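Undergrad: Start from the sequences and build out the full structure, keeping to the hints where you can.
Okay, here's what each chain looks like letter by letter:
Number of protein chains: 4
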Amino acid sequence: MDTPTLIALLHGPDQPGLVARVSGWIFARGGNILHADQHRDMQAGIFFQRVEWVPTGATGVAEREAADFLAFADSLGMQARVLVSSRRARIAVFVSKANHCFHDLILRWKAGDFSGDLVAIVGNHTDLAEAARGYGLPFHHIPVTAETKAEAEARQLALVREVGADLIVLARYMQVLSADFLAKVDRPVINIHHSFLPAFAGGKPYHQAHARGVKLIGATAHYATRDLDEGPIINQDVARVTHRHDVDDLIRKGRDLEKTVLAQAVRWHLEGRVLVYGNKTVVFD
Amino acid sequence: MDTPTLIALLHGPDQPGLVARVSGWIFARGGNILHADQHRDMQAGIFFQRVEWVPTGATGVAEREAADFLAFADSLGMQARVLVSSRRARIAVFVSKANHCFHDLILRWKAGDFSGDLVAIVGNHTDLAEAARGYGLPFHHIPVTAETKAEAEARQLALVREVGADLIVLARYMQVLSADFLAKVDRPVINIHHSFLPAFAGGKPYHQAHARGVKLIGATAHYATRDLDEGPIINQDVARVTHRHDVDDLIRKGRDLEKTVLAQAVRWHLEGRVLVYGNKTVVFD
Amino acid sequence: MDTPTLIALLHGPDQPGLVARVSGWIFARGGNILHADQHRDMQAGIFFQRVEWVPTGATGVAEREAADFLAFADSLGMQARVLVSSRRARIAVFVSKANHCFHDLILRWKAGDFSGDLVAIVGNHTDLAEAARGYGLPFHHIPVTAETKAEAEARQLALVREVGADLIVLARYMQVLSADFLAKVDRPVINIHHSFLPAFAGGKPYHQAHARGVKLIGATAHYATRDLDEGPIINQDVARVTHRHDVDDLIRKGRDLEKTVLAQAVRWHLEGRVLVYGNKTVVFD
Amino acid sequence: MDTPTLIALLHGPDQPGLVARVSGWIFARGGNILHADQHRDMQAGIFFQRVEWVPTGATGVAEREAADFLAFADSLGMQARVLVSSRRARIAVFVSKANHCFHDLILRWKAGDFSGDLVAIVGNHTDLAEAARGYGLPFHHIPVTAETKAEAEARQLALVREVGADLIVLARYMQVLSADFLAKVDRPVINIHHSFLPAFAGGKPYHQAHARGVKLIGATAHYATRDLDEGPIINQDVARVTHRHDVDDLIRKGRDLEKTVLAQAVRWHLEGRVLVYGNKTVVFD
Numbered sequence: 002m003d004t005p006t007l008i009a010l011l012h013g014p015d016q017p018g019l020v021a022r023v024s025g026w027i028f029a030r031g032g033n034i035l036h037a038d039q040h041r042d043m044q045a046g047i048f049f050q051r052v053e054w055v056p057t058g059a060t061g062v063a064e065r066e067a068a069d070f071l072a073f074a075d076s077l078g079m080q081a082r083v084l085v086s087s088r089r090a091r092i093a094v095f096v097s098k099a100n101h102c103f104h105d106l107i108l109r110w111k112a113g114d115f116s117g118d119l120v121a122i123v124g125n126h127t128d129l130a131e132a133a134r135g136y137g138l139p140f141h142h143i144p145v146t147a148e149t150k151a152e153a154e155a156r157q158l159a160l161v162r163e164v165g166a167d168l169i170v171l172a173r174y175m176q177v178l179s180a181d182f183l184a185k186v187d188r189p190v191i192n193i194h195h196s197f198l199p200a201f202a203g204g205k206p207y208h209q210a211h212a213r214g215v216k217l218i219g220a221t222a223h224y225a226t227r228d229l230d231e232g233p234i235i236n237q238d239v240a241r242v243t244h245r246h247d248v249d250d251l252i253r254k255g256r257d258l259e260k261t262v263l264a265q266a267v268r269w270h271l272e273g274r275v276l277v278y279g280n281k282t283v284v285f286d
Numbered sequence: 002m003d004t005p006t007l008i009a010l011l012h013g014p015d016q017p018g019l020v021a022r023v024s025g026w027i028f029a030r031g032g033n034i035l036h037a038d039q040h041r042d043m044q045a046g047i048f049f050q051r052v053e054w055v056p057t058g059a060t061g062v063a064e065r066e067a068a069d070f071l072a073f074a075d076s077l078g079m080q081a082r083v084l085v086s087s088r089r090a091r092i093a094v095f096v097s098k099a100n101h102c103f104h105d106l107i108l109r110w111k112a113g114d115f116s117g118d119l120v121a122i123v124g125n126h127t128d129l130a131e132a133a134r135g136y137g138l139p140f141h142h143i144p145v146t147a148e149t150k151a152e153a154e155a156r157q158l159a160l161v162r163e164v165g166a167d168l169i170v171l172a173r174y175m176q177v178l179s180a181d182f183l184a185k186v187d188r189p190v191i192n193i194h195h196s197f198l199p200a201f202a203g204g205k206p207y208h209q210a211h212a213r214g215v216k217l218i219g220a221t222a223h224y225a226t227r228d229l230d231e232g233p234i235i236n237q238d239v240a241r242v243t244h245r246h247d248v249d250d251l252i253r254k255g256r257d258l259e260k261t262v263l264a265q266a267v268r269w270h271l272e273g274r275v276l277v278y279g280n281k282t283v284v285f286d
Numbered sequence: 002m003d004t005p006t007l008i009a010l011l012h013g014p015d016q017p018g019l020v021a022r023v024s025g026w027i028f029a030r031g032g033n034i035l036h037a038d039q040h041r042d043m044q045a046g047i048f049f050q051r052v053e054w055v056p057t058g059a060t061g062v063a064e065r066e067a068a069d070f071l072a073f074a075d076s077l078g079m080q081a082r083v084l085v086s087s088r089r090a091r092i093a094v095f096v097s098k099a100n101h102c103f104h105d106l107i108l109r110w111k112a113g114d115f116s117g118d119l120v121a122i123v124g125n126h127t128d129l130a131e132a133a134r135g136y137g138l139p140f141h142h143i144p145v146t147a148e149t150k151a152e153a154e155a156r157q158l159a160l161v162r163e164v165g166a167d168l169i170v171l172a173r174y175m176q177v178l179s180a181d182f183l184a185k186v187d188r189p190v191i192n193i194h195h196s197f198l199p200a201f202a203g204g205k206p207y208h209q210a211h212a213r214g215v216k217l218i219g220a221t222a223h224y225a226t227r228d229l230d231e232g233p234i235i236n237q238d239v240a241r242v243t244h245r246h247d248v249d250d251l252i253r254k255g256r257d258l259e260k261t262v263l264a265q266a267v268r269w270h271l272e273g274r275v276l277v278y279g280n281k282t283v284v285f286d
Numbered sequence: 002m003d004t005p006t007l008i009a010l011l012h013g014p015d016q017p018g019l020v021a022r023v024s025g026w027i028f029a030r031g032g033n034i035l036h037a038d039q040h041r042d043m044q045a046g047i048f049f050q051r052v053e054w055v056p057t058g059a060t061g062v063a064e065r066e067a068a069d070f071l072a073f074a075d076s077l078g079m080q081a082r083v084l085v086s087s088r089r090a091r092i093a094v095f096v097s098k099a100n101h102c103f104h105d106l107i108l109r110w111k112a113g114d115f116s117g118d119l120v121a122i123v124g125n126h127t128d129l130a131e132a133a134r135g136y137g138l139p140f141h142h143i144p145v146t147a148e149t150k151a152e153a154e155a156r157q158l159a160l161v162r163e164v165g166a167d168l169i170v171l172a173r174y175m176q177v178l179s180a181d182f183l184a185k186v187d188r189p190v191i192n193i194h195h196s197f198l199p200a201f202a203g204g205k206p207y208h209q210a211h212a213r214g215v216k217l218i219g220a221t222a223h224y225a226t227r228d229l230d231e232g233p234i235i236n237q238d239v240a241r242v243t244h245r246h247d248v249d250d251l252i253r254k255g256r257d258l259e260k261t262v263l264a265q266a267v268r269w270h271l272e273g274r275v276l277v278y279g280n281k282t283v284v285f286d
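Chains as they are written, first to last, in the numbering used here: chain A, 2 to 286; chain B, 2 to 286; chain C, 2 to 286; chain D, 2 to 286.
Treat the hints as calculated values from the structure; they're not laboratory data. Quick caveat: nothing in here was measured; it's all calculated off a predicted structure. Check before you lean on any hint, since a few could be wrong.
Note: identical chains are not told apart, hence a pair may lie in one copy or across any two.
[Said to hold, decoys possible] In silico EDC-like cross-links for lysine to aspartate or glutamate, where the CA-CA straight-line distance does not exceed 16 Å:
(1) Lys254 with Asp286
(2) Lys111 with Asp128
(3) Lys98 with Asp167
TA: So, in structure tokens, the structure goes:
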């Protein structure tokens, strides 16, 4: 599509006429709404909206209208975020040794599935360095040990800023990011946890699932927060298992879940479909 | 909820400003939009919307505003339908001998799942007469044979009008309704077909599925049209089967599918979530 | 089927030739194996088998052969249980106020889905008394309060023995059975928990799920043990939810899960498909 | 595992004692059964079995015992196939331009998911040549046009024989293989069709699905036969779609289905879990 579109996510205290005001504002400027979706949390009295529109045609109008909309939303007492479709998000992917989410994200990106671009692979091991370069992606090796963690995170932080990443995706990255890193990085971080959270939080979830004898295993994509495995959930899915599956089978079957659950979460995030409030998400899919 | 809400379903040629106009119209009359959802068929250039709102509080305003909205939609060149939540739909259920959808619909209705009321059970056999009466529902026996079909349909038609049914649900009713009946009845008719349409249309779909060796069986709820099994699809679901399942197992497993797929379709219809255009549906769920 | 079949569930330390010995034993007595399924837990070195056969035709041979098989299994160092298809299990269903699993179990039983018979409904409230009697099932009201719990459980125990129940099904029964009751009752007790265990164990799981913002809700059928919500899991399933679903919607959607997950677990149990070892189950489905 | 195992798939007219005879034969030779699974088609009176065992330890015994077992099965009047785990199957993958199944199969193979090896990529276009070589796999370009089809198939046939392929996988290969090729190739050919067969057989199934307004799309892996899209079904799965998904979305969502459905079918085939009879499969999973 040649003309850029604008996508606004807004939320705040509910009040009559919000839909009319927002759509009226857009219409008055000659814009045409492509999609608009709203939700009310009746108990909390909060209004949520995702609206996507094509602004009137003049070159460069999109960026200006995005700024104007933020001021308008503020005048309504709403918090807002506006994406301009012509400004593609830049993504840094953190990896360790496991390669399934790594390959999957890259192949989907190359297939044109994401409205954003992978710009850096960051690994605490070098196992995926060659594969990354084979895809034409820069690989940055930043080893992490208990002793060097603070220093390593400082390097990660500098790198993320340097490459101008808008989003960090933890593609089975096996280190816990510190609360300090998460506070400083100031960009969303999406993690994939290999269980159906809140079941089997913490380490070795497939071992936990096997020991408990559950009949379904799961995967959960969530925003990383300082409370490990407790961040807002974006997407989850499950697969059926039986007594015939040992831990290795759960790990193998889980890889498919992890790939699709993470990729869908990244896709939704990039399309401005995920709105976080409190410790939950509204996903306008 | 004490105050009735209004639900409008509208569609027509796309044009700029439709969202703003509709929400502005409601806001100008003191209404408050609870939900609004729209869809554009980009290729066909058609705009679809479902909007639900609470009109300003005066008694009796809802019915009047419903009529006003229809005129307003017409002025926009849109086709519309408006439901008033205080006017509960009346449902006639057609049955034969199978009882699973029959019990399921009645129990869900009694559990308060439907925004409408069952008012008559119509059977071409008497197998379910006693059970219907046990639930406090009138049972009407209208036998159908090849010779008496025209006459039987005339009786069905008279009955449907007499009980003021707004919707007919075919709960595994094993007779094909004639094109003539469907033309005259002038009310939506929802049917449940026991296959994943368009696979295995026609009779004995579980036998067909078993013969073909498929690995999933399905059920399809659709509006009945003169083209048998070809009407707009509202809802579908599937369940996994293996070589261990014989035809009887498929029939048994299929009952669960049929119940949930049909009940969900009826629920969506009653909540004004289903918009038909051409031979397809837009389901605002 | 006129000729009764025998179903044996056995498990014990793995050793070479077990399949050959068991099938040889049956063949030597003129029996014909209909189904045989085995599983090895490689790590624990345990062998599990379910075998179903038609014994040679003489009247009354089934009961005798069942006893003989137990002695034979013992000689192999295996624990075994043998079901004779002509001896239908008797089931007591415990209920409180919620009626969805209650109706569902009864209707499935009447549809011929279970190889066992409901013989008593036991309620700590009277809400379902009339409905039970409408189905022709005796309803026993045994109220339970904190003060009278011990006495009430004694009455429940006496009743279970009196009606000769082989299985107790807790169909959303809202009282916790004491460890003492479970020890004395000496019959399997199947419970349905309204979450995807081990997530959201304890009370009000749908409220917990809503608060956590999960994207799937679940239900779990398990054998009740003294460790609440910790017993061996028989069956689990999930359904997708979104931010649009409030707690009441989760409860409504959950009812469908609870019904199908519990009914399937009861069905598997009655068909001798569930073998418990440690805190897990092997389900030969 | 160091010791090779044997996997036998057999089927034929049912007769008493088959389980005992097969397991007795293995036990008498000092073998130990790891898994045994059987099925009876009651209507057709056919017995199906998959049995996996470790033969007694002497070097080279596995190949000999495989041959002996075939003779034994023949003496029982059963058709049989025996796999020796140490003899890994060789796989030729046919591709056109679409790359999702291509990458997926190769990455799963490299992750160790398959008990077989990819040995050749055959493309009628050169789009995937470089990627194949990047993975270290030989790419063979055999263009196909209406005029050169017979000649191209002769080249394909020669190549398949030359590389010693045991299995051909059509990974979204967009040419129809002729009945003549299928007759001559004498190896199983697994195809992935991008619909839930028998719905939407033939070309452009996602366009067909969109036009019909179905609520689920599917994919089907089947053995290719001279009757296009009519071969024995190995695996199927579906995904939910709504009116919001246009044909391109169906194609994108369908890619995930096609990948997992095809990979699972190939995996089952390689593990000797798929037994074909008539136009159906028994999958011992």
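Undergrad: Evaluate each hint against the coordinates.
TA: Status of each hint after checking the structure:
1. For the identical chains of this complex, Lys254 and Asp286 are inter-copy neighbours only, at 14 Å across copies versus 26 Å inside a copy, given an alpha-carbon limit of 16 Å.
2. Taking CA atoms no more than 16 Å apart as the test, Lys111 paired with Asp128 passes between copies only; the shortest distance there is 14 Å, against 21 Å inside one copy.
3. For the identical chains of this complex, Lys98 and Asp167 are neighbours neither inside a copy (24 Å) nor across copies (33 Å), given an alpha-carbon limit of 16 Å.
When each numbered hint is compared with the structure, a violation occurs for hint 3 only.
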